[in-house]
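Novice: Sequence:
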Amino acid sequence: MTGYDALARVYDKLNRDVDHGAFADFYEDAFRRFGKKKIESVLDLGCGTGSMTLELARRGYDMTGLDSSDDMLAVAHERAAKEGISSILWLGQDMTDFELYGTVDAAVSCLDCVGHLTTNAALDRCFSLVHLFLEPDGLFLFDVNTPRKFRESYAGHDYVLEDEGAVCAWRNDFHGKSGICDFWLTVFEEQPDGTYTRRDTVERERLYTMRQLRSHLEKAGFEVLGFFSADGKSPASDTDERWQVAARALK
1 MTGYDALARV YDKLNRDVDH GAFADFYEDA FRRFGKKKIE SVLDLGCGTG SMTLELARRG
61 YDMTGLDSSD DMLAVAHERA AKEGISSILW LGQDMTDFEL YGTVDAAVSC LDCVGHLTTN
121 AALDRCFSLV HLFLEPDGLF LFDVNTPRKF RESYAGHDYV LEDEGAVCAW RNDFHGKSGI
181 CDFWLTVFEE QPDGTYTRRD TVERERLYTM RQLRSHLEKA GFEVLGFFSA DGKSPASDTD
241 ERWQVAARAL K
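In this text, residue positions in the sequence shown follow our numbering: the first is 1, and each later residue adds one.
What the hints contain is simulated information worked out from the structure, not anything from laboratory work.
With a Cα cut of at most 25 Å, we get these calculated PhoX-like pairs of lysine-lysine: (1) 251 to 37; (2) 233 to 37; (3) 149 to 13; (4) 38 to 233; (5) 13 to 82; (6) 219 to 251; (7) 233 to 149; (8) 177 to 149; (9) 36 to 233; (10) 38 to 251; (11) 219 to 36; (12) 36 to 251.
Distance windows between CB atoms, simulated: (13) 226 to 160: 30 to 38 Å; (14) 38 to 70: 30 to 38 Å; (15) 160 to 136: 45 to 53 Å; (16) 163 to 211: 32 to 40 Å; (17) 77 to 159: 24 to 32 Å; (18) 169 to 250: 43 to 51 Å; (19) 241 to 82: 26 to 34 Å; (20) 178 to 224: 20 to 28 Å; (21) 21 to 97: 28 to 36 Å.
None of the values given here were measured: they were computed from a predicted structure. All residues carry an ideal CB built from backbone N, CA and C; glycine is no exception.
Between the sequences and the hints, there should be enough to build the whole structure, so can you do that?
Specialist: This is the structure we're talking about:
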């Protein structure tokens, strides 16, 4: 079981405070600012339980949601079915090894998915594949946790996330030399009979600087359009805890 398979049934409960609408607002603003043609088809890379995929589908985009966790995708399927949204193409594939049925106008990836690619080779494979399946001048928008967040919010800190029927104990182990942070997670989920099941898992993210991201994007054939603050309304700074990145595929 992967880390996100273990989290799948409780992920949305523990992330209720995430404003996917604000992410979508940034994407749509970027589509208008940087798009050389109307954006209609969008790939959601690392879509998880489908929150962003569904948000953009509601706004009229032709969506493809891709994730390597079968359990997360199962939740996404359930959510789409409950809303009566049947137009989304869900793909159970890895960010570093995927194949689409055609090209898309834009690709997005939110909530640190790119940070889970912890080697240069994995990052290069992902960026190259995104470039391959983007239309000429297609847009790639993603976010990463910043160096400040790794060094000040993660390093040496533990957290507990709670919601009705779900608890996640979260311990961080940041390795400054490598820029790798291991997240040790223990998840408790309430069952119908009132008992709790326990699952233990570990996830890993890597700290990337703006310079590193720019280098990898340009190597894959992208023009970097900008680094922005979390809300996308101002240029990125060293005090941010999340950066939004915008790039255009050069063909």
